[in-house]
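Chains as they are written, first to last, in the working numbering: chain A, 1 to 78; chain B, 1 to 78; chain C, 1 to 78; chain D, 1 to 78; chain E, 1 to 78; chain F, 1 to 78; chain G, 1 to 78.
Honestly, the hints are just simulated from the structure, not real lab data.
Please read these numbers as outputs of a predicted model, since none were measured by experiment.
Please note: incorrect hints may appear among the correct ones.
If you anchor each label on the Cβ, the simulated ranges turn out as follows [unchecked claim]:
| id | chain 1 | residue 1 | chain 2 | residue 2 | range |
| --- | --- | --- | --- | --- | --- |
| 1 | B | Arg59 | F | Gln78 | 25 to 31 Å |
| 2 | B | Arg58 | A | Ala14 | 24 to 30 Å |
| 3 | B | Gly18 | F | Asp55 | 44 to 50 Å |
Incomplete in silico selection of chain A near chain F, CB under 10 Å [claimed, not checked]:
| id | residue |
| --- | --- |
| 4 | Gln19 |
| 5 | Glu52 |
| 6 | Leu61 |
All C-beta atoms in this analysis are idealised placements derived from N, C-alpha and C, irrespective of residue type, glycine included.
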Amino acid sequence: MSSTTPETAHKVLAESLGQIVLVRLRGGKSLRGRLKSYDMHLNIVLDDAEEELEDGTRRRLGTVLIRGENVVMLSPIQ
Amino acid sequence: MSSTTPETAHKVLAESLGQIVLVRLRGGKSLRGRLKSYDMHLNIVLDDAEEELEDGTRRRLGTVLIRGENVVMLSPIQ
Amino acid sequence: MSSTTPETAHKVLAESLGQIVLVRLRGGKSLRGRLKSYDMHLNIVLDDAEEELEDGTRRRLGTVLIRGENVVMLSPIQ
Amino acid sequence: MSSTTPETAHKVLAESLGQIVLVRLRGGKSLRGRLKSYDMHLNIVLDDAEEELEDGTRRRLGTVLIRGENVVMLSPIQ
Amino acid sequence: MSSTTPETAHKVLAESLGQIVLVRLRGGKSLRGRLKSYDMHLNIVLDDAEEELEDGTRRRLGTVLIRGENVVMLSPIQ
Amino acid sequence: MSSTTPETAHKVLAESLGQIVLVRLRGGKSLRGRLKSYDMHLNIVLDDAEEELEDGTRRRLGTVLIRGENVVMLSPIQ
Amino acid sequence: MSSTTPETAHKVLAESLGQIVLVRLRGGKSLRGRLKSYDMHLNIVLDDAEEELEDGTRRRLGTVLIRGENVVMLSPIQ
């Protein structure tokens, strides 16, 4: 499948730099934090990150490096 | 296996741009939202997205970038 | 392993175009619908598709694009 | 690791063509049916196939195309 | 990482040909049987194989072809 | 997707050498220890490592070599 | 990411040859035994190996060949 509007994904990421994002991971965990960097594999660095387990438990983590392979989805928090 | 009618998948995606789609993810979560973009790996951007857990719980997310590797299926909502 | 009769898989798919097929997915879900297209990765488009969960629950979905990687098996319904 | 006797796997498959085989799949499901074809990725076509769930439930499926990636093991039924 | 003594793995396999081995599979199942062949991907053929489920249940299978990708470990039974 | 600021991930890792980091693994286990080395696949060596299971149980392990493929995320402990 | 001190992983493995190591596998099983060999994929041969299930059950296995893909971590036992 050729992409029709692939630049939109870049745009979502580029516009989210410095913003708070929600990142859902495989296995049910989520993180929210300030998007500091990302690469083409969706390896992500968050600042001021907070972990959220499936049971709602939260834990402050600070800076977090996430392996892209574990990212299910990313959503800027409005 | 050579494909007989591969253009149909493209057509489904192309015709769904701007439309509301249901996206089922690995692990049981689903998202529905307006299809804003997709690429050849089925990386998807949805607008006005809403998350739906297996127990029926819903949560508004706004714009969401989904890693294609986690997509099980996509269905335009009629 | 070299294949002895690989053309049979093609034949099953080609003969199922336009027919109702059962598609079992990883994670326990199944879909049945009219096979509209497939490609070499077993990416599949079904029309008039119906989802069937492991507990027997059904849900009408209409047109569905399935990522081949999630397909466990496909069976034409006689 | 270089193989010492790789031709044995071919032989098992070639000798099973037309015979009833048991195929165990990832996730716990099994199928038994007449081996109609296979390829180098262990994509398999069975005729007169019957599905067997982990709880012992059976279901007749007829012709089934199995994606090789989901095959755990294959055993000719004596 | 470069290997220091990789020939040992070959040696374990080569010396186990014709011997009874225990094979642990992903998902919790195990098989034991006479090692008839293996290849570089750890695709394995066992003769006189017996399946052992996690609850201790056993089942005779005869000849079994195992896809290497599902092998967790192999141990010659002394 | 081209990366905008990929050097940040390097920086997080480089600045964490010799520091205590938290490493979350697939399957729910976590490790904390002094980051001694890492490579481009996120293969990691920790010193003075301690394992933490999902139920809160801890176990001292000393030096640990972690396969990068199992790393979900890494966070320097402030 | 370029590695800064990748030789450390080699060193951990090389220094562990002939020593007792703990190997954690995907799915929750662990093995401990004398490290006899390893290769670049972390395929491992242990001697005098003992299996340890998640419930604490142990079982003597002798020589064990472990597929690297299933290795989560390896730790020399001090």
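Exercise. So which hints don't hold here, by number, going up?
Worked result: 4, 5
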